Structure formats: C-alpha cells, structure tokens
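**Student:** Could you build all of it, start to finish, from the sequences and the hints given here?
My numbering puts the sequence shown at residues 1495 to 1934.
Don't read these hints as lab results, they were simulated from the structure. Everything numeric in this text was worked out from a predicted model, so none of it was measured. Don't take every hint at face value.
As the list claims (entries may be wrong) - Distance condition first, Cα-Cα at most 16 Å in a straight line; then the derived EDC-like pairs of lysine to aspartate or glutamate: (1) Lys1500 - Asp1537; (2) Lys1661 - Glu1611; (3) Lys1500 - Asp1928; (4) Lys1500 - Glu1520; (5) Lys1810 - Asp1769; (6) Lys1639 - Asp1601; (7) Lys1700 - Asp1817; (8) Lys1907 - Glu1870; (9) Lys1700 - Asp1601; (10) Lys1867 - Asp1634; (11) Lys1500 - Asp1510; (12) Lys1907 - Asp1928; (13) Lys1907 - Asp1922; (14) Lys1700 - Glu1816; (15) Lys1500 - Asp1541; (16) Lys1907 - Asp1888; (17) Lys1661 - Asp1634; (18) Lys1867 - Asp1522; (19) Lys1810 - Glu1564; (20) Lys1700 - Glu1767; (21) Lys1500 - Asp1927; (22) Lys1867 - Asp1541; (23) Lys1500 - Asp1534; (24) Lys1867 - Asp1510.
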Amino acid sequence: MRTLLKNGRILDPSQDLDVIGHVMIEDDQIAAMGPDIPSDDVDDIYDCTGLWICPGLVDPHVHLREPGREDEETIVSGTQAAAAGGFTTICCMPNTSPPLDNPSLVDFILDRAASPEAGGVFVAPVGALTVGMRGEQIADLAAMKRAGIVAASDEEFPIQSSFIMQKAMETCVQVDLPIMAHCEDLSLSNGGAMNEGAMSAVLGVKGIPRSAEEIMVMRNCLLSLHTGCQLHVMRVSTWGAIEMIRQAKYLGAPVTCEVSPQHFVFTEEHVGEFDTHFKMLPPLRTQVDIDIMLQALQEGTIDVISSDHSPHASHKTQAPFEDAPFGQVGLESIVGVTLTHLTHRGILTPLETIRKLSTKPAQILRLDAGTLKPGETPIAQITVIDPGFEWTFDVNKTFSRSRNSPFHGMMLKGRSVLTFSGSEIYRDRHFSDDRITMVT
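**Tutor:** Structure, rendered in structure tokens:
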C-alpha cells in the first residue's frame, strides 16, 4: 500500500524543516519526502495544497479515566477524540480508580489502547509516583517501567513532603524516569475554587493563592537541581512560576514545563456568574500572567502545550461552583485554540507551534514520535492541519463522553483534518473527497 500526501507545507521541527513538498507512506512507514517524489504505483493521493504536513501530535497530559470512571471517559472514546484532534501519541495520567501504581494496571491500559475499537493512537502510561498516590511510599517504578510507563506522577495529589519528593527523585534517577509534577501546596490551596484576588473576593469564593503553585515549583526545581532528576512541571499558570522555571534552567536543572490553552486564553474574570466550565486547576489567573506566559512561549521557557484533557460527567459540572470538579476536555479543540491565539497572532511561528505540540513533548518523554524522519518511529505518525479553516467548536460533536469545555461556541481558525498512524485513522468531514485520488 502506497499513499502520497502531495503539495503540502512540510513542518518537521526535528529536522528544522519548513518546505513545500510531498510525503510518501509505504507499508505503514514514511518512505520518502521532498519536493520531487514520483507518483507511480501509488494507491491513494491526498492533495494537501495549502495544508500543513506535520509529525503526529503528542499530548503529554491526558486523563482517560479508565479504569473506574468510564462514565466520564474510556480508553476507546479518549483515543478516538485524540485521533480527531490530530494526536497520534498521548500520555495518560495515573489518577484512575484504582490509581495506576502497579504493572498489571499498566498492562490493562496498553491492552485496551491496542484493541481494534480504540482510536489507533499510541497510549504511553504515566505511573503513580507513590503507592495509591498517597504521598507516602514510593511505588515500584522499576517494575512499572518494564511494563511500559514513560514517566511518574502523583498528578492532582502532589507530594507535600520534601523528604518524600527528594526520595522519589533519587529513585527516578536510578530507574531513569522523568517526574511530571503538578505543583501545589495543599495547605495553602485547600478548599479554594478559583484564583485568590479581587474576583474571588467579589464572588465570595475561597481563592487559591499563586503562592500555592510557586512554592512547590521552587521546591521541585531545587530538588531537581540537587538530585539531577528530570522534572517536567505540568500546567504552569503564574508569572512567578515561569520566572522560577527560567532561573532553574539557567542554573542547569533538567527542568521543562507545559501550559494548557485555557491558561493563555482566559482569566479569572471569565468565571463570571459562577460558570463551572471555567473552574480549572490551577485556576485561571490574570491578564498579567497571560502576558508573561505568551513571552515565555515565544522565547522557549515554556516547552510544551498540552491539552490537560480532564473529562467530567455533566451532573458533576452542574453542581454549585465550589462543589464542581476542576478541568475541561481539550483534545479536539487544542489545535484550533493554539493556532487562533498564538500562531495567527504571530506569537509562535508554524514550526514552533508544531515543536510545542509534537516534537518537544516526544523528546522530553523519550517517545518514538514527533518526527517525520523515515525509520525513526515504529509506524508513520503524521498529522495534516488546515491552518486557515474557520469553524466553531461544538462540544456536543466530539468523541469524548464528557462535555465540559470553556471553548464551546468559540470561533476558531485552524483544524486537524487528517491523522495517520500507519494508515489513516481519522479524516475530518471538511477534508473534501475531491482532495483524494484513489488510483486503481
């Protein structure tokens, strides 16, 4: 089987490549790419004129909920949403029920992800850092790594003890695993529901101070510097945390970080009249934080853009604001939001956009992804994006089982229209049939 993607703008940050050309897929592998590829003996030809041909997107921060919370998301529905969003590899978080803290659960995740009904994307599990994610006893990370985890994290239950965190980092250095850390001092944030500031005071809602994030970012960066443990800070939201990460990098600490679209688009004011779709963890901050965040994205201090896909059942999000869960679904909106608010505004170039959505997360977590180099990935992983496509995000037309999104009804410019993982796993209905030639 030979498939040709022709006349597209090839964007591959792993090769610093930005050219107009063609990509040939043969027997599930990228066989060749460049400006001149003969179309002899080709089975399918996709006309990608005006479109971007990129390495398959990589999302390091996805909640698939299975096992235990299948009413909100399953591995099947989550991977289908990922494929529709342009992702060929996603990392699933360990805060399932029970937590992903042993090899048998890792095996379960990988088996379900490889099932025929799943979305066809690679799922890379992130194992729990401590047993039961209780922050007390380090999990058997070596056994879980042999089973297939790519990193360790206690996600929404961050380790509060500096002694335990240092021990966890020393263990991760021994087994060669990065730590993905949600940074929050729970003694400061406990009971908070939004950013602590003028808006929380007006609404009468207990706030989460920025110091709750910044204290833990500082601690974890220092421990990373002293232990040599690779640290990836998840969902950064304050300018202070960004400055600390910048300094940690300057000092030589092996630290990277990510931001999610809701934090560079919305502020605390969007909570409005207690709209639970804008209840995030960490909370939405201020315009000053966004301004610094945009600078950090542009200069490279922020390495990755992740979806932080956090599905919740509708009956939970319809609860009073203080009782509602944190988070939003984001796999199918992240490309449109990122291009609309960053790329088309000139904050990121197209190549840097793909670097943060694909190549960099793959490099940080040492995944076989994020590149179009022939033979560098197990099978061809390719995403085709229409950067000029204008559309309205409708959460009711997504593959996710949940509907909690602050981006519902937002006009966006840019969309993933074709996803390959060996072969076509998703084609958007707006990628018209007249762009495809079937050669018989």
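**Student:** Compare the structure with the hints numbered earlier in the document and write down the numbers of the violated ones, lowest to highest.
**Tutor:** Violated hints (numbers, rising): 2, 8, 9, 10, 11, 12 and 22; every other hint is consistent with the structure.
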